[in-house]
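Same order as they appear, the protein sequences are chains A and B.
The numbers in my numbering rise by one with no breaks, and the one at position 124 of the first sequence is 124.
The numbers in my numbering rise by one with no breaks, and the one at position 107 of the second sequence is 107.
These are computed hints drawn from the structure, not numbers from a lab.
Incorrect hints may have been included.
The calculated DSSO-like cross-link candidates involving lysine-lysine, where the alpha carbons are at most 30 Å apart (straight line), are [as the list claims (entries may be wrong)]:
#	chain 1	residue 1	chain 2	residue 2
1	A	K70	A	K156
2	A	K32	B	K32
3	A	K156	A	K36
4	B	K52	B	K70
5	B	K36	A	K36
6	A	K156	A	K54
7	B	K32	B	K70
8	A	K156	A	K52
9	B	K36	A	K32
10	A	K70	A	K32
11	B	K32	B	K156
12	B	K32	A	K36
Part of the chain B face toward chain A, derived, beta carbon under 8 Å [to be verified]:
#	residue
13	E2
14	F9
15	T12
16	V132
Computed from a predicted structure; not experimentally measured.
We put the CB at the ideal spot given by N, CA and C, even for glycine.
There are 2 protein chains.
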Amino acid sequence: METINAEIFTLTYGSMVRQLIADYEDVEEVNKQLDKMGYSIGQRLIDEFLAKSKTQRCADFRDAAEKIAKVGFRMFLNVTAAVTGWNAEGTECSLILEDNPLADFVELPEQLAGLKYSNLLCGVIRGALEMVNMEVECTFVRDVLQGDDANEMRLKLLSSSTETYPFKDE
Amino acid sequence: METINAEIFTLTYGSMVRQLIADYEDVEEVNKQLDKMGYSIGQRLIDEFLAKSKTQRCADFRDAAEKIAKVGFRMFLNVTAAVTGWNAEGTECSLILEDNPLADFVELPEQLAGLKYSNLLCGVIRGALEMVNMEVECTFVRDVLQGDDANEMRLKLLSSSTETYPFKDE
Chain A
1 METINAEIFT
11 LTYGSMVRQL
21 IADYEDVEEV
31 NKQLDKMGYS
41 IGQRLIDEFL
51 AKSKTQRCAD
61 FRDAAEKIAK
71 VGFRMFLNVT
81 AAVTGWNAEG
91 TECSLILEDN
101 PLADFVELPE
111 QLAGLKYSNL
121 LCGVIRGALE
131 MVNMEVECTF
141 VRDVLQGDDA
151 NEMRLKLLSS
161 STETYPFKDE
Chain B
1 METINAEIFT
11 LTYGSMVRQL
21 IADYEDVEEV
31 NKQLDKMGYS
41 IGQRLIDEFL
51 AKSKTQRCAD
61 FRDAAEKIAK
71 VGFRMFLNVT
81 AAVTGWNAEG
91 TECSLILEDN
101 PLADFVELPE
111 QLAGLKYSNL
121 LCGVIRGALE
131 MVNMEVECTF
141 VRDVLQGDDA
151 NEMRLKLLSS
161 STETYPFKDE
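The shape of chain A in the complex, shown without the other chains (with noise of 0.2 Å):
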């Protein structure tokens, strides 16, 4: 699998959200946009990660987190995830990122409380599950940028049509 250097992306992603920031000049609307690109980019990633990682089919959401997680984040960050926080019916849980490359040097100024800096990859989770026909909400609510003692996504299952499953083709 090809690999480039971990900083020029960090590097190149700060560029993207500062001028994002100039564009919008609007917190919230930022972070709408770093939802919507990071949507279309897990969209042609999930191609990527089916090919590349032979994965079998996920059973289940649990079963969807957890490759999220464990196999995804170590692909194309190269770090991982924990999954925490299941609700009772398992259509909930929480992402820790220990590490975030795409925040590495970054420190947020107090006018830009409220940025989700790293927005893009709930974007891209979104994207990329709903190609595999699992519908559902991401939204970072805990972020070491932010001032809080870890990066935490929350993923919420809305939908998930099983008999679209498998995977288109298989």
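With chain A fixed as given, assemble chain B onto it according to the hints.
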């Protein structure tokens, strides 16, 4: 050295370019913005380059161009470039990039003839060299995305202050 998957970088870069096109609606302005963003990135990357490459001080511009092509591109983008087309004075040369990870799976529509899609790279080189006291011009003169037969960046040394050489931290 930390690495990440090249595809997520390529797609993120693509999102950024699309955003700039939507913002500026003018290809020349997009080229300028990409160069400007690259410039800041280059100013940051030079530190990692000097630290990690453990490269000897560059004797002159010729040497610097070779290091960019063979060590820099390898370190950050995991590709190398060929250095060709030197002028007699040794102040101008071309970098030929066979593989351009920024432009993988990219096709430009006709109305974007004139877009220097990978212009970020020119900015990076300009920014990095300025930090070691070489002022250069760097421009894409051929681009496979524009139908050319190669990716060629033309480098031109404008001034270099040998008196402030070697690198600051030596």
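How the hints compare with the structure:
At roughly 18 Å between alpha-carbon atoms, K70(A) and K156(A) fall within 30 Å of each other, so this suggested pair holds. Only pairs whose Cα atoms come within 30 Å are accepted, and K32(A) paired with K32(B) is accepted, the gap being roughly 26 Å. Taken as a hint, the K156(A) and K36(A) pair is honoured in the structure, with Cα atoms around 17 Å apart against an allowance of 30 Å. For the hint linking K52(B) to K70(B), the alpha-carbon distance of about 14 Å falls within 30 Å, and the restraint holds.
Annotation: proposed proximity of K36(B) to K36(A) holds, straight-line Cα distance about 24 Å (limit 30 Å). Pair hint K156(A) plus K54(A) holds up; C-alpha atoms about 25 Å apart against a cutoff of 30 Å. Note on K32(B) and K70(B): the hinted pairing holds, with a Cα-Cα distance of about 26 Å set against a maximum of 30 Å. A threshold of 30 Å between alpha carbons decides the hint, and for K156(A) with K52(A) the separation of about 26 Å falls inside it, so the pair holds.
Taking the CA atoms of K36(B) and K32(A), the gap is about 25 Å. The hint holds against a cut of 30 Å. A hinted pair counts as satisfied when its Cα atoms are at most 30 Å apart, and K70(A) with K32(A) qualifies at roughly 26 Å. The straight-line distance between the Cα atoms of K32(B) and K156(B) is roughly 18 Å, inside the 30 Å bound, and the hint therefore holds. Using a Cα cut-off of 30 Å, the hinted pair K32(B) and K36(A) holds, with the two alpha carbons roughly 25 Å apart.
Given the 8 Å rule on beta carbons, the hint for E2(B) holds: about 4 Å separates it from the nearest Cβ of chain A. Interface restraint check for F9(B): the shortest CB-CB distance to chain A comes to about 5 Å, inside 8 Å, so the restraint holds. With its C-beta approaching chain A no nearer than about 6 Å, T12(B) sits inside the 8 Å limit, and its interface hint holds. The restraint placing V132(B) at the interface with chain A is violated, with a minimum CB-CB distance near 18 Å, outside the 8 Å limit.
Of the hints listed earlier, the one the structure fails to meet is number 16.
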